[in-house]
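Engineer: Protein chains in written order, with the working numbering: chain U, 1 to 326; chain V, 1 to 302; chain E, 1 to 328; chain S, 1 to 483; chain G, 1 to 305.
Hints in this document: simulated from the structure, not taken from any laboratory.
Check before you lean on any hint, since a few could be wrong.
[Stated by the list, open to error] In silico lysine-lysine, DSS-like type, Cα no more than 27 angstroms apart, as pairs: (1) G/K7 - U/K26; (2) G/K220 - E/K81; (3) S/K433 - S/K126; (4) E/K81 - G/K216; (5) E/K119 - G/K220; (6) G/K216 - E/K119; (7) E/K201 - E/K119; (8) E/K63 - G/K216; (9) U/K107 - U/K151.
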Amino acid sequence: MSMTPILETRNLHRRFRVSQGHFKPKATLQAVNGVDLSVQRGETLGIVGESGCGKSTLAQMLLGLLPATSGEVRLDGRPIADLRRVDFARRVQPIFQDPFSSLNPRKTLLDIVTMPLRVHAIGSRAEQEARARTLMDRVGLPAGFADRYPKELSGGQRQRVAIARALVMQPDVVICDEPTSALDASVQSQILNLLMELKADFGLTYVFISHNLSVVEHIADHVAVMYLGRVVEKAPVDAIFDAPQHPYTRALLDSVLTVAPDAGVPELALGPGFPNPLRPAPGCPFHPRCPRAFEPCSTIPPTPVPAEGRGAACHLTEMTPRGAAA
Amino acid sequence: MTDTTPTASIPTPGASMKSPSRLSLRRIAEQPSLLVGGGIVVLMILIAIFAPLLAPHDPFVQNIAARTVPPVWYDGGSWEHILGTDQLGRDYLSRLIYGARISLFIGFAAVAIAGVIGTTLGLLGGYFGGRVDMVVTFLTTVRLSLPIILVALAIVAIFGGSVTIVVIVLGLLKWDRFAVVVRATAAQISRLDYINSAKAAGASTFYILTREVLPNLAPQLIVIATIEIASAILMEAALSFLGLGVQPPTPSWGLMISEAKNYMFFSFWLIAIPGTALALLVFAINLAGDGLRDLISPDGRG
Amino acid sequence: MGALLTVDDLRVDIATPRGTLRAVRGLTFSVNAGETLCIVGESGCGKSMTSLALMDLLPRVAKRSAATLNFADTDLSDRRKARRIRGNQMAMIFQEPMTALNPAFPIGDQLTEAYLHHKGGSRAAARARAVEMLDLVGIGSPAERLGQYPHQLSGGLRQRVMIAMALMTDPKLLIADEPTTALDVTIQAQILRLLRDLQQKLGIAVIFITHDLGLVSRIADRVMVMYAGAMVEEGTAAQIFGAPRHPYTQALIECIPQPGRTARGTPLGTIPGVVPSLVGQIEGCVFRSRCPLARRECESHVPTRGAEGHRWVCVDDAPAPALEGTTR
Amino acid sequence: AQQADNAVRFAYDQALESPDPYFTTLRLGVILGRNVWDTLVIRNLETGEFEPLLATDWTWADDETLELTLREGVTFHDGSSFDADDVVYTLSYVSDPANRIVSQQIADWIDSVEKTGDYSVRIHTKGPSPAAMEFLSSQLAIVPDGYYSGPAGATEQALPMGTGPFRFDSYSAGGEIVLARNEDYVGSEFKTPASLDRISIRTIPDQQTQIAELMSGGLDLTMGLPRDQAEMLAQMPGVAVESGETMRIVFLQIATSDESSNEALKDIRVRKALNHAIDKQAISTNLVGEGSNVINAVCFIDQFGCTEEGVTAYDYDPDTARALLAEAGYGNGLTLRLHAYRERHISEAIINYLAEVGVTVELNYMQPAAMRDAMRSASVDLAQNAWGSYSIYDLSASTPVYFGGQPDDNNRDPELIEILTEAESVMDPDARKELYATALRRIADEALAVPMFTLPVYYAGAEGLKFETYPDEILRFWEYSWQ
Amino acid sequence: MLIYILKRLGLAVLVALCVSVLAFALLRVQGNAASALAGEGASAEDIAIIIRTHGLDRPVVVQYLTWLANVLQGDLGTSYFFKRPVAELIVSKIGNTVILAIMSLAIALTLAVPLGVLAAVYSGSWIDRICSGISLLGQALPSFFLALCLVMLFAIHLRLLPASGAQTWQHFILPAVTLGYYITPPFMRLVRAGMIDALSNDYVRTARAKGIPSHKVVLKHALRNALVPVVGLVTVQLGLLIGGSVVIESIFALDGLGYLAYQSIGYRDFPVLQAVVLLLSLVYVVLTLLSDVVNAWLDPRLRVS
Ligand SMILES: Nc1ncnc2c1ncn2[C@@H]1O[C@H](COP(=O)(O)OP(=O)(O)OP(=O)(O)O)[C@@H](O)[C@H]1O
Ligand SMILES: Nc1ncnc2c1ncn2[C@@H]1O[C@H](COP(=O)(O)OP(=O)(O)OP(=O)(O)O)[C@@H](O)[C@H]1O
Ligand SMILES: [Mg+2]
Ligand SMILES: [Mg+2]
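The shape of chain U in the complex, shown without the other chains (with noise of 0.2 angstroms):
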């Protein structure tokens, strides 16, 4: 545990100014509000929350493509801000969530997978194809494919292709922001046991952001849950899902419509109030919805979850001494 961490954020922010429509003054969304996360080398991270929690925008500033309000994102200790653009494309690397916006329409797979290679410029053209037809027989494409275009792949196809994209530079981390969220259930399976394999293979460090729990458990080593932009609970997988702490957790695994022919539809003890980003509740930001709201959650923010370790930010887990900490 006293590993330097592969990749870590402390106390990241981002804040948008966002319009409102034409009347209005412009507001701030906090889309990130102090997320302090660590991943270690090899572990898969996942993260859960609902729409619109700061998910992508986190694996935006995590992949270095969107600059951080504050804080800072770390990879082996050094801020990212340090490294040259291209030394840390070379460690990091994404995979999308649509398989449709993520290939350019006008370019052939194998241009689309030596990509990277070409703008990185390793190796001469055949060896940058060599290496590009060798990754795309390793995702499992059929060789044929090489010459052609993304339109005449079906969804799981096409992460296939994202994929081979991303661990052509041999990344050490890879940013996987919802990479099945838009298959099928047949072909879900398929990429999520390809995303096991390479892992497996290339020895690779997954952030694996969803808002499908059943696919987070099957995959991640630890999870952190966020809500409005914070961190609301961190664990190890089991302990998330066996004995969650936070409420919104809790809720969030009780939504979860897991086969149970006789199970029915579960009853959410959650409050109507819908979570506003632009106009956070005050204290906890969860407390409106929350079934065990007490006094202090409408003013006093709780103490958010640190880096390193696991816990809740909610002030019931407060007065209970948190699990084995940092």
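Assemble the complex: chain U is given as a structure, and chains V, E, S and G with the ligands must be docked to it using the hints.
Structural biologist: Same frame as chain U, now just chains V, E, S and G with the ligands:
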């Protein structure tokens, strides 16, 4: 979104898939408007290129004694001058053939200039957004608020009419549509994940703009270009018609119409011939443009 | 007898440049009053086309045909009669609550529109009914909401408005095409509950279309599994999830990680291959190109087996052995 | 036709910059000047003699003093009566260069004007002024005392005002002008009250629109149609076409002054080549038509002092032209700019002739005022002029304008300037004639211009309109009537 | 709302300023203003006087600012050619252009909206093809050519309408038809595209699902949304219209602004040309401003909650 999952016929899954080029060739063949329009345009381009070979006479040689000879199908017409002669006794067919050169050259050249300006501005605005976009939008608004014909007329009046000036003026004035469309599309594209992937791979902005964004604009660019070429050709004709475009004796169709208009009540063919040629060319270009648009977005939107 | 909706040999053909795309290939099913039928299947298998065909809302390129299409003893192929039923006794809600409401009109107008058209009556009566319905779907201060525009509501609220809108005319059948797919899980759970409660209270039949097997297992009375435009298996939820007969149904269930059943980090079940092209006829079993058990017989006509309660389309009569997850 | 209304609708192809004849060079302005205003004297076109109009009597007291007796009982259109004050005011105003009337030469011979009685005035000239009567009978229209409120023709009048047979009924700049008959017109034996009630004048720049209007009955009279159209119109029912010879001469002005940047034109061989290259006769016969005569001197032959005697005539000879060009070192071609403002078909014919001897011509076709600018800033190589001499039958109104050192002179030949200036102050007719002849010969020998031909004017009118045409291109509406 | 309008206004003012600089620069830099002012026969001294009195010897920036200040006070200068206040000239001509513009716009809209809706509702069918054929032909036929043909037919052969001028309302028919036809295609295309877009929206399907008759769905649900961009286009088209009016007005000798501008180009009458360019640009700017505000007002999504 309609799933375009590729085909795998049942008995032998994953078997022969049609090659993309054959597929699009077939789709082109299924676009009658593209075929007809494109055919006419190509024909006109060929005529323009081979004008010296095709024209039966020198388009500039006048014969003041044999003026306004009617076309061959009228009384008094002759096979010597199939479409007759103009008010200075020049062979009308030859002038018409050379006129295609002027119209097409001005159309293409002006739109090339406009395309470069508009695309560059649109790309920058759409891709970078924020301040850059504000500047681009502002420039476009200013441009749009200028009455284009009037400004073109004024500039041509100041600097004199010639093919070069007309090309430059139209090129400098007609970039707005390129900018608007490219900006919107580039803004859309730059939010797509393949751009993020390229960024994440460390690609430079220049690389992204030229290799990832620009190629995807090609279809729109072609469609706008056809519309704009047609409109530039018409605008040149209008300028020449008003006497402020290409100057005589250059055989521009607009100029031919302008010169023939004085004769329209007595020798209607003098104005009808270049008028029809012009309308046909513009019609064909627009038709081809429509076909291209349908080819690119089969649901016929926008 | 007793069936509210009877569909026999429903087909939807779409003219495409590549040929006729047969989106729905001879579906036969029925829905009884008050029951929930879930139609489940992967993307593009024809679920939406089926629902649109029932409502006569197909795009112009699509052609519908059916041997029988009866709703409460009315022949729906008679378009004039069908129009009187559509939006009245048969209502529909769509997937995207964001776009399914017209941004230009306040929701009050949109709520009362169908009511005024089908039931007539005064505007005030319609508005009163709208308030009642909004209240029913759990929207607070419903009277004020009538003047609001769709953009002023959150996704969950909009979907509730959609449901209220569908219920305005007191329909007997509600067709819901992926009504919760665009929603967050917690909101999905709330909407599903709402639907469930309403159904029990009002006794409406529901055709619920989704690709989420977990969801289906929770709400369905009966389940129809579709593949490539055709029904492959149909039965009660218990039958489908407890003893699936069709290899596709079995494989599909294996694909999703199920806490408790699939161990963490272990490979999941997969279905190799891709969905066949829907253009043109498919002789024999539609699933055979991907079926691990496929054999010669599958290439010719495949019979529908089982009885009314549990039907499946396969050459195998006996329950197929549970498929082992085949990883690539 | 507007027979019933006893009105005539006339169209002109250029907009009038000002309704005041002193502040426009446009033919339409000259026409309005004659119809709305009166001059002191009037020329009898049959005899060529000067006859009374606003002045009943005049005598030259000496070479530099002219005494006039004015007509009594004349009123301006606003009812105020005409007397010596008006003449003194008008002539003083226009002869003061500070007031910048557009063609100063018509008045700059006047030194001062004095009132010698209620109805008599005395004009002192700056020196012998042979053309004085010419100007007094043509351009010098009399306006009421105190008419102008400042220089450059500024007035506070709602409508322009004179004593002529017609008065302004309405005026819109660049738009329609309506004249109404002056019921109180006195005139004289040589300028009589009008018979028409109204004249409406519209600007219609396009000839084909004018023709359309004529043919559709929206117009009763137009002038300046090209030959082809006129001839074809003549065959249409309801339209009558008349052609009339005019004083208007077409010639190419060649820029040779020091300010001119084109070196080629400073070579006499090039200029001669230009003269040889153009088949004036062919253009004159075919394009311009009947009433057009080829000229060799830059003046109208009936003008006092104009002669072709001893003036070199260049015949159409493209071979010689080519040879001359080759000799001058332009065998491989030469590019020149041609400025023109009317008769574009003639420009085009010229361009084509020049093209045949290897001279490429860039045409700059523009409005007269713009071309005047260009000429005066010496940025013109060749200028195609069509000069009407303000209808003045004296050479001083033509040749000196382009060769006598005036602003439009693009040659600035010192010798010519000297000769022409001298001629303007010599009273003896023969001596003047000789000086003019010398100048005309020099112009031809040096090939400083390409004289081409005279330009007839074609008038097209509705059938039933009785009108007479004159070589001075002035429409005397007061003589018009419907049959 | 106020903030939005103010912001939009600020932008409009900025655009107008930019246009004014262009208008000023374009026409002042070139051409010899002084000699144009001086008129024929002016001597060097005259020109010098004019240069001084008109401030033509001062730095361009100062000239611009002076000009701008004058313009803001409604003083558009004096026409070089007509020697009259430009404002007066413009006032006397603008009426005709406005009549022409309104008539053309009315013709264009009455043609374009129904045709566009028809083409969209039956998109892909022969009705659509006929409509798009009409629009293609409209685009291809040069307006000046059409104008001449119309004159030939209606004025000469049928003698139904006057060939030129602006004296009565009949005089406006031919020019308005020409101009209206000229701008119909873009309108029609936009209505069609907007309608196809609107019709493909989920809310249209929702409306259909309610069992409402399709004409009502089309006219109420789709058209309302499709017309919003048309409002915007009307302003853009007005620019085109005015541009087209230069050609049309001069063919029909219709004494309006476009014709005045065309004349002033020929006469190098900079103050008039400047004023017309500026005026037309301002009209455009103001109209876009208005249409933006109206659009924002129309579109409930943008309205205050
Ligand atoms: N560029 C941006 N400008 C303004 N707001 C933004 C921007 N990007 C994201 N946001 C806002 O930030 C919040 C977080 O967005 P983000 O995309 O990170 O959410 P998410 O958790 O990935 O949601 P989803 O599950 O829908 O993908 C949202 O409210 C979103 O609207
Ligand atoms: N307008 C159309 N033109 C051509 N093909 C269409 C059209 N609409 C749908 N299809 C095709 O019809 C088939 C069935 O589509 P349908 O929308 O019913 O699928 P679905 O099961 O609802 O899928 P999803 O889960 O993605 O909504 C698909 O293969 C689709 O590609
Ligand atoms: Mg996201
Ligand atoms: Mg669907």
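Engineer: Can you give the numbers of the hints that this structure goes against, from lowest to highest?
Structural biologist: Result: no hint breaks.
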